[in-house]
Amino acid sequence: MNRHLLSAADLDRDDALLVLDTAAELAALTDRAVKKLPTLRGRTVVNLFYEDSTRTRISFEAAAKRLSADVINFSAKGSSVSKGESLKDTALTLEAMGADAVVIRHPASGAPDRLAHSGWIGGSVVNAGDGTHEHPTQALLDAFTMRQHLAGGKGDLAGRKVTIVGDVLHSRVARSNVLLLSTLGAEVTLVAPPTLLPVGIETWPCEFSFDLDSQLSRADAVMMLRVQRERMNAAFFPSSREYSRRYGLDVRRMNALPEHAIVMHPGPMNRGMEIAADVADSDRSVIVEQVTNGVNVRMAVLYLLLAGAQLGEPEGSDRMAEVTAP
Amino acid sequence: MVGVSAARTPDETRTVLDSDDIARALTRVAHEIVERTKGADDIVLLGIPTRGVYLANRIAERIHQIEGREIPVGSLDITLYRDDLRRAPARALLPTSIPASGIDDKVVVLVDDVLYSGRTIRAALDAMSDIGRPRMVQLAVLVDRGHRELPIRPDYVGKNIPTAKTEKVLVHLEEFDGDDAVRLSGQSQEES
Numbered sequence: 001m002n003r004h005l006l007s008a009a010d011l012d013r014d015d016a017l018l019v020l021d022t023a024a025e026l027a028a029l030t031d032r033a034v035k036k037l038p039t040l041r042g043r044t045v046v047n048l049f050y051e052d053s054t055r056t057r058i059s060f061e062a063a064a065k066r067l068s069a070d071v072i073n074f075s076a077k078g079s080s081v082s083k084g085e086s087l088k089d090t091a092l093t094l095e096a097m098g099a100d101a102v103v104i105r106h107p108a109s110g111a112p113d114r115l116a117h118s119g120w121i122g123g124s125v126v127n128a129g130d131g132t133h134e135h136p137t138q139a140l141l142d143a144f145t146m147r148q149h150l151a152g153g154k155g156d157l158a159g160r161k162v163t164i165v166g167d168v169l170h171s172r173v174a175r176s177n178v179l180l181l182s183t184l185g186a187e188v189t190l191v192a193p194p195t196l197l198p199v200g201i202e203t204w205p206c207e208f209s210f211d212l213d214s215q216l217s218r219a220d221a222v223m224m225l226r227v228q229r230e231r232m233n234a235a236f237f238p239s240s241r242e243y244s245r246r247y248g249l250d251v252r253r254m255n256a257l258p259e260h261a262i263v264m265h266p267g268p269m270n271r272g273m274e275i276a277a278d279v280a281d282s283d284r285s286v287i288v289e290q291v292t293n294g295v296n297v298r299m300a301v302l303y304l305l306l307a308g309a310q311l312g313e314p315e316g317s318d319r320m321a322e323v324t325a326p
Numbered sequence: 327m328v329g330v331s332a333a334r335t336p337d338e339t340r341t342v343l344d345s346d347d348i349a350r351a352l353t354r355v356a357h358e359i360v361e362r363t364k365g366a367d368d369i370v371l372l373g374i375p376t377r378g379v380y381l382a383n384r385i386a387e388r389i390h391q392i393e394g395r396e397i398p399v400g401s402l403d404i405t406l407y408r409d410d411l412r413r414a415p416a417r418a419l420l421p422t423s424i425p426a427s428g429i430d431d432k433v434v435v436l437v438d439d440v441l442y443s444g445r446t447i448r449a450a451l452d453a454m455s456d457i458g459r460p461r462m463v464q465l466a467v468l469v470d471r472g473h474r475e476l477p478i479r480p481d482y483v484g485k486n487i488p489t490a491k492t493e494k495v496l497v498h499l500e501e502f503d504g505d506d507a508v509r510l511s512g513q514s515q516e517e518s
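Taken in order, these protein sequences are the chains called A and B. Quick note on our numbering: the first sequence kicks off at 1 and runs consecutively. Quick note on our numbering: the second sequence kicks off at 327 and runs consecutively.
All clues given are correct.
Which chain A residues face chain B? A few, computed with CB under 7 Å, are given here: (1) T22; (2) E25; (3) R32; (4) V34; (5) L37; (6) T39; (7) L304; (8) A307; (9) G308; (10) A309.
Keep in mind the hints are simulated off the structure, nothing from the lab. Glycine residues also receive a C-beta, built at the ideal position from the N, C-alpha and C atoms.
Can you build the whole structure from these sequences, using the hints too?
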């Protein structure tokens with residue numbers, strides 16, 4: 001594993017499987033009465049959130065706390081950022097306070113990359129969503145959820161067909177998922193109106209289509225994306241009603257899916273827009289499970305990035321490993 | 327290696343236990359467990375991955391032959407409780423599985439292949455306290471090679487093998503490595 005997790009493309013197949021397998025073991029451990037593990041005692045994780053978020057921030061916080069790390073939550077609202085402090089100065093402050101990892105969400109694509117490679121901070125950087133770029137831990141938890149349902153909880157996703165529907169243009173979730181799922185061998189199809197597909201989509205490692213109905217019968221998993229009105233500064237489709245009729249997942253479309261297919265949504269949902277309430281609450285929907293898996297996957301990421309020696313640190317004499325390592 | 331010279335080279339290995347020795351040692355350990363726990367009524371064997379789990383299974387099989395009862399066997403991964411995590415890159419986790427009957431108020435026998443510094447067992451005791459509260463905890467190891475760094479001692483030992491700190495004890499088990507043997511490699515300062 002790299003020292004940072006900035007993009008789903010940072011993970012090769014072995015790294016991705018290591019994260020998923022670690023998350024699976026951690027899921028089993030957190031089933032028990034004492035959920036806390038001592039592993040990251042004395043390490044500090046800063047949640048640096050420049051954008052509103054419910055589940056991602058809480059999920060990272062729960063993950064860090066279950067591993068006994070100290071957590072500092074920072075949201076741009078109500079901090080010096082509203083007085084005009086730059087990312088650099090905020091980063092230097094965090095470094096001075098001894099952050100071992102910074103989990104960053106930022107409206108600007110590339111902000112985590114800047115933070116990781118500028119030399120402002122020495123710790124690991126985890127991208128928790130940057131602009132319309134990437135959201136790698138979401139892709140990992142989606143892959144974990146698919147693996148549980150479609151691949152018996154083991155190995156990769158070779159040959160599984162995943163259809164991602166909706167606002168691909170603004171979706172960091174779609175980008176990270178396409179990269180990670182293709183690394184894991186899944187066949188991804190993006191479905192969206194032409195206006196909501198990014199330029200250069202032909203070069204992505206996936207198929208794309210403008211017609212949802214034609215894709216349903218072959219999908220093992222359907223992931224609905226939120227229509228991101230806050231990022232839309234132009235008319236991408238004529239009306240919500242038309243979008244919902246052509247690209248929304250309603251009960252009729254859900255019934256056209258194969259028996260085993262699962263319905264996913266990264267949240268927050270616009271019920272009645274991209275997904276009907278009846279579908280979101282049906283037993284095909286794994287949306288709540290995605291949230292639970294999110295904590296385990298983020299624990300795995302924090303464990304793999306933080307528990308071991310930092311790169312460049314000399315390996316100590318490790319007698320115990322000699323005796324117990326296979 | 328093609329041994330030309332008679333003198334021991336640093337990477338020479340010699341076998342200290344062959345498969346018959348291991349079988350006999352485990353049989354004796356199984357008998358000792360039954361004797362010491364007065365019939366092994368409420369014992370749970372927890373192997374420490376990787377090889378401790380196979381040893382725990384073998385011991386459980388032997389106790390089954392002696393007492394005619396199935397003994398619950400589980401595995402207890404200690405990775406998240408190690409005190410040397412920061413000395414090496416992050417390690418992959420190994421499976422933990424606790425028997426459905428749990429460990430509360432049971433006699434837990436931890437099983438590992440080699441007892442050395444005692445730090446693995448310290449971590450295992452910590453890991454166990456997050457899972458339940460056994461009535462008693464005992465320790466069975468195939469090889470005790472000495473050089474303890476913590477006040478921990480085994481209750482059942484397959485074989486005491488005095489070693490130098492520079493030596494390595496290599497345990498091979500059929501289920502994982504394809505053969506049964508305990509070998510010693512590296513320079514011995516106590517010999518020569």
